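**Student:** These protein sequence lines are chains F and P, in that order.
Counting from 1 along the first sequence, just add 511 to a position and that's the residue number in the working numbering.
Counting from 1 along the second sequence, just add 511 to a position and that's the residue number in the working numbering.
Hints are computed from structural coordinates only; laboratory data are not their basis.
Keep in mind that this is a model prediction, so the values were computed, not measured.
Treat the hints with caution; some may be incorrect.
Same chains, same names: a pair is fine if it fits in one copy or spans any two.
[As the list claims (entries may be wrong)] Once the Cα atoms are required to be at most 30 Å apart in a straight line, the calculated DSBU-like pairs of lysine-lysine come out as:
{"no.": "1", "residue 1": "LYS642", "residue 2": "LYS625"}
{"no.": "2", "residue 1": "LYS513", "residue 2": "LYS625"}
{"no.": "3", "residue 1": "LYS557", "residue 2": "LYS630"}
{"no.": "4", "residue 1": "LYS513", "residue 2": "LYS624"}
{"no.": "5", "residue 1": "LYS514", "residue 2": "LYS586"}
{"no.": "6", "residue 1": "LYS624", "residue 2": "LYS533"}
{"no.": "7", "residue 1": "LYS625", "residue 2": "LYS530"}
{"no.": "8", "residue 1": "LYS557", "residue 2": "LYS533"}
{"no.": "9", "residue 1": "LYS533", "residue 2": "LYS630"}
Here are the chains, one letter per residue:
2 protein chains.
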Amino acid sequence: MKKEECPLCNPCDELVVAKTEKFRIIKVPDVNFPGYFRLIWNKHVKEMSDLSVQDRHSLMDALCSIEEIMIEELKPTKINLAEFGTMVPHLHWHLIARYEDDPNFPDSYWSAKKRTTDKAILADREKAAQKCAIRIANLFS
Amino acid sequence: MKKEECPLCNPCDELVVAKTEKFRIIKVPDVNFPGYFRLIWNKHVKEMSDLSVQDRHSLMDALCSIEEIMIEELKPTKINLAEFGTMVPHLHWHLIARYEDDPNFPDSYWSAKKRTTDKAILADREKAAQKCAIRIANLFS
Chain F
512 MKKEECPLCN
522 PCDELVVAKT
532 EKFRIIKVPD
542 VNFPGYFRLI
552 WNKHVKEMSD
562 LSVQDRHSLM
572 DALCSIEEIM
582 IEELKPTKIN
592 LAEFGTMVPH
602 LHWHLIARYE
612 DDPNFPDSYW
622 SAKKRTTDKA
632 ILADREKAAQ
642 KCAIRIANLF
652 S
Chain P
512 MKKEECPLCN
522 PCDELVVAKT
532 EKFRIIKVPD
542 VNFPGYFRLI
552 WNKHVKEMSD
562 LSVQDRHSLM
572 DALCSIEEIM
582 IEELKPTKIN
592 LAEFGTMVPH
602 LHWHLIARYE
612 DDPNFPDSYW
622 SAKKRTTDKA
632 ILADREKAAQ
642 KCAIRIANLF
652 S
């Protein structure tokens with residue numbers, strides 16, 4: 512995929528929570544998974560191993576810092592981390608707060624949905640996710 | 512989940528490719544995805560952020576070293592990296608070589624299957640995966 516065709520090189524309608532020289536973090540809009548953030552590498556690279564060792568470590572540091580904030584604010588059953596890039600081969604990481612009452616638990620976010628989460632619970636989690644977003648913004652500012 | 516109940520603390524029938532003081536790497540038996548390895552942290556911890564900064568970095572170094580070997584030997588369209596733990600909350604990472612002709616591409620490994628891969632191609636990839644296993648074994652020996 513060329514840069515010109517890449518939706519992560521040419522983003523539209525992203526809710527950017529934080530941006531550094533190397534990467535940006537966006538809040539992913541999914542009403543069923545309020546605690547969903549994505550770390551997108553700014554440069555159009557494909558694989559983790561395309562990064563320098565220093566960049567690999569700083570990316571891992573960022574993932575863990577975001578994860579810690581998500582655990583504190585969202586109190587999930589588990590955090591999921593994933594780097595696929597089969598749809599868009601531009602390095603990006605999914606960070607997803609998972610709960611026993613989420614649509615797919617214990618299967619993956621990308622598996623078939625098997626239930627609906629209570630709307631009041633989702634609303635509380637959305638508030639917690641917005642607190643996460645503010646803390647992530649402060650962390651990288 | 513207690514250690515006593517954890518299938519990663521009490522493994523059976525794992526094909527261990529390499530083992531260090533901190534983690535082991537296994538070859539995952541999936542005939543449809545020959546290039547599938549898993550890095551399992553030895554200690555029963557749940558999240559990446561439960562590790563020390565040094566351990567987070569050495570785990571990322573290991574993932575990238577395995578990824579580089581997989582890219583060289585398996586020549587995949589993309590490598591997938593994932594840490595979920597919703598089934599078994601004991602830190603482990605999936606490393607999966609993905610191809611345009613694999614059963615789920617471009618959807619996730621955990622999504623619905625949509626095609627069958629040619630058996631001769633799978634056999635070639637299985638040979639390449641066994642070469643990967645040997646190189647991974649040598650890397651951590």
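**Student:** Does each hint hold? Answer for all of them.
**Tutor:** Each hint, compared with the structure:
1. LYS642 - LYS625: Answer is within: at 28 Å inside a copy they meet the 30 Å cutoff, but 39 Å across does not.
2. LYS513 - LYS625: between (37 Å within a copy, 27 Å between copies)
3. LYS557 - LYS630: Cα proximity of LYS557 and LYS630: across copies only (28 Å, versus 37 Å in one copy).
4. LYS513 - LYS624: Between copies only: 28 Å across chains, 33 Å inside a chain, cut-off 30 Å.
5. LYS514 - LYS586: Classified as between: cross-chain Cα gap 22 Å, same-chain 37 Å, threshold 30 Å.
6. LYS624 - LYS533: neither (34 Å within a copy, 35 Å between copies)
7. LYS625 - LYS530: neither (35 Å within a copy, 37 Å between copies)
8. LYS557 - LYS533: So LYS557 and LYS533 pass the 30 Å test inside a copy (14 Å) and across (28 Å) alike.
9. LYS533 - LYS630: Neither: 37 Å inside a copy, 42 Å across copies.
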